[in-house]
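Trainee: Chains as they are written, first to last, in the working numbering: chain A, -5 to 130; chain B, -15 to 551; chain C, 56 to 508.
Hints listed in this document are in silico derivations from the structure and should not be mistaken for laboratory results.
Certain hints may be false.
[What the hints assert, rightly or not] With a straight-line cut-off of 25 Å between C-alpha atoms, the simulated DSS-like cross-links for lysine-lysine are:
no., chain 1, residue 1, chain 2, residue 2
1, C, K142, C, K196
2, C, K147, A, K45
3, A, K45, C, K142
4, C, K384, C, K472
This structure is a prediction, so every number in the text was calculated from the model and none was measured.
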Amino acid sequence: MSSSTATATATADPHHDDDHHGLSHMASIKVLVATGGTLLVLTLVTVLATKIDFGANINLAIAMAIAVLKATLVILFFMHLKYDRLFHSVVFVGAILAAALFVGFTLMDSNQYQQTNIWDPDAPPAAPFGPRPTSG
Amino acid sequence: MANTNAIKDYGYPDGPTTEPDFLHVTKGIKSWMLTLDHKRIGMMYLFGILGSLIVGGAFALLVRTELWAPGKTIVDQDTYNAFFTLHGAVMVFLVIIPGIPAALGNIMMPIQLGAPDVAFPRLNLASFYLWCTGAILLIISIPGGLDTGWTLYTPYSLETRTPVLIAVSGVFLLGFSSIFTGLNFLVTIHKFRPQGMGWFQLPLNVWAIYATAIMQVLATPVLGITVLLLAVERFAHIGIFDPTLGGDPVLFQHFFWFYSHPAVYIMIIPAMGVISELISTFSRKPVFGYRFVAYSSVSLALLSFLVWGHHMFVSGQSRLANMVFSALTFTVGIPSAIKVFNWVATLYKGDIRLKTPMLYALSFLLLFTIGGLTGLFLGILAVDVHLHDTYFVVAHFHYVMMGSTLVAFLGALHYWWPKFTGRMYAESLGKVCSLGVFFGFNMTFLPQFVMGARGMPRRYWDYDPQYQIYHQLSTIGAFVLGISIFVTVIYLFASFWTGKKAPRNPWGASTLEWQAPTPPPLYNFEKPPVLHELYHYDDLVEVEEDRWEREAPTEVEADAGHGGGKP
Amino acid sequence: MTEKPHEPHAPHGGDHGDGHGAGDAHGHAHGSPFIQHHYDDAQHQFDSGKLGIWLFLAQEVLFFSALFVAYILYRYHHPEIYSYAHKYLDVKYGAINTAVLIFSSLTAAWAVRCAQLNQRRGLILCIALTIGCACAFLGIKYIEYSHKVHEHILFGRYFDPCVSSGGRELLTRNNNCAGTKSTVVWDAGAGTATAGCFADIDQDPRREGVQADCTVKEYTLTETPRRVRAPRNGADGKPVIGKDGQPVTEEVEKIEVTETFKRDLPERCAEEPLPGHGEAEGGAEAAHHAAAEKFPCWRPAYQPAVCKKGVGILVEYGDHEEREHLRIKAECKPPPKPADAGDLLADRSQPLELGVPLIQPRHQLTVHEQHELEAMGPPPEHTNMFFTIYFAMTGLHGIHVLFGVGVFTWLLIRSIKGHFTPDYFGPIDYAALYWHIVDLIWIFLFPLLYLIH
Chain A
-5 MSSSTATATA TADPHHDDDH HGLSHMASIK VLVATGGTLL VLTLVTVLAT
45 KIDFGANINL AIAMAIAVLK ATLVILFFMH LKYDRLFHSV VFVGAILAAA
95 LFVGFTLMDS NQYQQTNIWD PDAPPAAPFG PRPTSG
Chain B
-15 MANTNAIKDY GYPDGPTTEP DFLHVTKGIK SWMLTLDHKR IGMMYLFGIL
35 GSLIVGGAFA LLVRTELWAP GKTIVDQDTY NAFFTLHGAV MVFLVIIPGI
85 PAALGNIMMP IQLGAPDVAF PRLNLASFYL WCTGAILLII SIPGGLDTGW
135 TLYTPYSLET RTPVLIAVSG VFLLGFSSIF TGLNFLVTIH KFRPQGMGWF
185 QLPLNVWAIY ATAIMQVLAT PVLGITVLLL AVERFAHIGI FDPTLGGDPV
235 LFQHFFWFYS HPAVYIMIIP AMGVISELIS TFSRKPVFGY RFVAYSSVSL
285 ALLSFLVWGH HMFVSGQSRL ANMVFSALTF TVGIPSAIKV FNWVATLYKG
335 DIRLKTPMLY ALSFLLLFTI GGLTGLFLGI LAVDVHLHDT YFVVAHFHYV
385 MMGSTLVAFL GALHYWWPKF TGRMYAESLG KVCSLGVFFG FNMTFLPQFV
435 MGARGMPRRY WDYDPQYQIY HQLSTIGAFV LGISIFVTVI YLFASFWTGK
485 KAPRNPWGAS TLEWQAPTPP PLYNFEKPPV LHELYHYDDL VEVEEDRWER
535 EAPTEVEADA GHGGGKP
Chain C
56 MTEKPHEPHA PHGGDHGDGH GAGDAHGHAH GSPFIQHHYD DAQHQFDSGK
106 LGIWLFLAQE VLFFSALFVA YILYRYHHPE IYSYAHKYLD VKYGAINTAV
156 LIFSSLTAAW AVRCAQLNQR RGLILCIALT IGCACAFLGI KYIEYSHKVH
206 EHILFGRYFD PCVSSGGREL LTRNNNCAGT KSTVVWDAGA GTATAGCFAD
256 IDQDPRREGV QADCTVKEYT LTETPRRVRA PRNGADGKPV IGKDGQPVTE
306 EVEKIEVTET FKRDLPERCA EEPLPGHGEA EGGAEAAHHA AAEKFPCWRP
356 AYQPAVCKKG VGILVEYGDH EEREHLRIKA ECKPPPKPAD AGDLLADRSQ
406 PLELGVPLIQ PRHQLTVHEQ HELEAMGPPP EHTNMFFTIY FAMTGLHGIH
456 VLFGVGVFTW LLIRSIKGHF TPDYFGPIDY AALYWHIVDL IWIFLFPLLY
506 LIH
C-alpha cells in the first residue's frame, strides 16, 4: 500500500481530492484559495462592522459571530477536519467544551457578587449601632 | 466489535529467543540516558519517584516531629511552614501525580496491550527529562524554604521572599511532562491494540490510564498558564492577581483548582485501575461489572472537571456557585462507589490468595472507602464551613492520596516487580511491611479526623494542649509508616541481588504482559501474544509455588483472537 | 526518491518465516526511511501522529483558556475600562496582522498539499512564505509594542500613559513624556504625588467653565556633584557615635540639585472644543482650534490616578522632545465663586441682540460622542488591567508564533534535504495544524482586543 504511493505521480489532480489515495485527504487549490479569500473578506467585514453602532452588546455579538464563522472555516478546510476522522473533532470540541465550562462557572460565580460595597478607606460606612468603639 | 485501529502485524519473531532482556541488552549510562525503550524510561521514572518519596517522606516526618508538642519542638514557625510546603509540593508533583502512570504505566501498559512500544518513544524520553528538570528546580527551592503551602495562594505567594519563581518554573515543566505522557498514552491505546482487542477487551488498568490521560491533556495546561501568570506577576507585577492593581486574588484559586481537582483524579484513577487487576488476579475471578467499572473510570474523568469550586466554599465564592459545586460533588462520588461495590462483588466467592499485592489491595478497599466518604462529608456546605482548613481535610486527602494511591502504587510495584526486574522480592517481608503500612497509616491519620472535627486547624505550628494526645499518636504512627515504607524500598532493591529468579507468570494473572518473557526483551515479546478471554483463570494452573502456566488452548480459543499477524 | 539502506531491527532480525499477509508492507522495507520500526506502515505512523497533534492542539486551547476567562470576567464587570482602553490600539496594525496570519495559514495548508504531491519546490516555497509571514507578524507586533513602551502604556503598575485614548496629553507619574512636562512630583515609595497637585481646584475639563488662574514658571535643573561631610549611619539607620562621643562623619559624594529660573509661561492652551459643543458654537471656536496654538502653553489637567484631588498643571511644548532637566512650578488662585443670579434686568456683559440666542441649545450626546468625550479624559481606574490582559494574551500568542517560526525553519531545512515524500509528510501536516491553531487564536484576539465598541 505504501509502496504504491511512494511512486505516485507529481502532477496535481484537483478532481480527485475526495479520494483517499495517499495517506490522507488532499485539499484542492480551489478550496484553499476560496477559504483564504473568504477569510480575508470576513476580516474586512468585521472591521467595517465596527463603524456602525448597533449598541455595545450587539456589536460584540456580531464580532463574535464573524470570528466563529472564520474559525469554522479554518477548522473545516485548512485543518481538514471536514474530511478527517470523527474522533479528532471529538477531541477538539471536547477541549472547547472544557474551556467553556471554565468560563461559564467562573462567570456565574463572579456575577453573583457585583452588588458588594467596595470599602473606601476615606469614607467608611457609618457604624450601624452607634459610634465606633475606640481601640484599646 | 470490529477494531478498525488494530495493528496488522507487530512483526514479533516466532519463538523462544536468545535475545537478552531489556535490562541487559545494552550497557552503559549513555544507553540508559538516551534510551527510547519505554521500560527503561519507566524504570528511570521509578527511581526518581522513589527517591522523591523518601525526600517528601522525610519532610513529613520533620513536620510530625515538630508537632509532637505545642510551641517549638525542633524548629521555628517559618521553617515549619517550609517543611509542610515542601512535603506537599514534592509529594504531589513528584510522587503521586506521576507515580502510577509515568513509572508503572510506562513499563507495563504497552505490554498489556501486546504492543512493542508507546506511540512516541522520543516524546516519552522528553517527558522524562522534563520531569527531571522540574524535579531539580523544585529541589533547588528547598534551601530557600518555600513557605506558601503547596497551593501557592495569592496574595502571599506574590509577596513572600522565598524562591517561588524557581519552584513554579519546576512545576511548569512537570506539568508539560504530564501532558506529553498523557498524550502518548492516549495515542498508544487508540492505535496500538492488536486484532481482537476491542475497547471492551481492554484490561481495566488500561481503561484507567486512558481516563487519566484525558484529564492530563485537558486539565494540566491550565496549571501551566496559572503558574506562568503567577511567575510573571511576581516578576513584572502585571497585576492580574493583585487587588491594588485591579486584579483578583480569588481568580488565582479558580485557575489553580480547575487543574488541581482533576489532578487528584489523575492520582486516584490509575490506582483504581491497578486495584481492578490485583483483586481480579488474587481472587481468580473476573472483575464483577467490567463495563460499569470501565465506564466509571471515564465518567469520573469527565465529572472531575465540574467540581473544583468545592475547594473554595469559604473563599468568598457566591452562594449560588457553592450550591452548584456541592451538588456536583455528590454526583462525583457515584462512579467511585460503583467501583468499590464491584470490587467487593469480585471478592465474593473468589479463590483469595493473600499475597503482598493483595494485602495492599484489601487495604485500599478500606482506606479508600474512608477517604471517599469523608470527601463527601466535606462536600456538604454546612459541614465544610466548620471543617475547612482543619485536620479533617488533611486526614481526608491523606486517606485518598496516600492510603489509596500510594498503597495501590506499592501493591502494583510488588505485583509487577517480578515481571520487569526478573526477581521475586522477599514475600514475608512484603507481608509484614504491608501490615506496617496499614496500621501505621491508620494510627497516623485516624486521630487527625478526630482533632480536625474538634477544631484543630491545619498548617499550624502551635496548638492548644487539648490536641496534644492526637498529635502524639499521629507522630508515632507516622514513624511506623515511614519505617515500613523505607524497609519496603530496601528489600525491593535487595531483591536485585538476593531475590529468586521470577518465572513468566508468578501470580497466575491473565493479562497479556504475563505472556512476555521475564524480564521482557527490547520489543516486549518473543512471540506474538495470544489473546484469551479477559480475566479468565480456568485454564491457568499453579505448577508450583508462585509459578503458573496456561494449559494448551482449545480449538475455540485459537481461532477467536490470534494476536498479531493474520489480517 | 532515493532510499537509504535500512538496518534490520529486532523483532525483524532475520527472516520472518511465513509471510504475514502483505509481507513487504512494512514501511521500512520500501518507502521513507523515517517510518519507525514499531509502526505497521506509513499510514499507521501518520494516523498516530495526527491523533497526537490534535491532542496537543486540545491542550493549547486549554492553555489559552485561562486568559480568555480573565478577559471575559474583567470585560463583563468593567466595560468602561475596555471601551476606553481599546482606542489605544491601532486597528490598522491589528487588521494587517490578521490578514498576514490568514495568508500564512493558506501557505501552510498549501505546503501540505505540495508534500502530498511530491512538489519539492512548491513545498519549500510555501514553507518559506509561511515563515516570512510569521516574521512580518512579529515585526508589526514589535512596532506596536515599542510604541506602547515609549508612551508608557504598559501592564500592571507600569501603566502610566502619556496620552489619553483620544490622543490628549495626560499627567503622568514619571513626568517625562515627549513634548510635555507637568508640575507633578511623584514619590514611588509613598505611592502619591508630593508636589504639583492643586487640591482646591477640583476641575473636570468635561464639565463646563473650567477656570484656573495660574502663574506658571519653568526652571532648569542642574546637578552638581559635591563632596560633603555627612554622618555615617550604622546598620540600624542611626548615626554611629565615635570614640570622642561625636557622630562619625565621612566624605560622601552627593548630587546637589539647583533650580534656576528660566522663564515665565504665560500662554494658556486653548480648550479643545468638547464633542457636542463645537458645532453649536459655530465657526468661532473651530477657527480658534484650527489656528496654530502658541507653544509652550499650559492647562489644568485632571487625572485622579496621579493627583487624587484636584488637578496638576500640564505644559505642552508642541513637539516630541523629552525634557529631562526641567521643572515646572505653578501658583494657582482658586476658581471664582459662581456669581449671584442678581437682578434679572441688570446689565450683562453680553448685550442682547435680536435673533442671537443667549443660551445655546445643547444636543444630547450620541453614544459615539459620549465615548469620544470620555476618551479625552483620563483613564478610568484600573485601566492597567486591560493592558495586563492585552500583553498577556498577545505576548503568549507571540511566543507561540516564535515557536512556529522555529519549527517551520527546521522543516524548511528538512524539505531542502528532501526528507518529505507522499508517504512521509507527517511533520509538515502537524506543523501546519499547529500553525492553524495559532491563526485561530488570533482570529479571536483581534476582535476581542481591537474591535471593541
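Trainee: For each hint, tell me whether it holds in the structure or not.
Mentor: Consistency of the hints with the structure:
{"no.": "1", "hint": "K142(C) / K196(C)", "in the structure": "holds (17 Å)"}
{"no.": "2", "hint": "K147(C) / K45(A)", "in the structure": "holds (13 Å)"}
{"no.": "3", "hint": "K45(A) / K142(C)", "in the structure": "holds (13 Å)"}
{"no.": "4", "hint": "K384(C) / K472(C)", "in the structure": "violated (69 Å)"}
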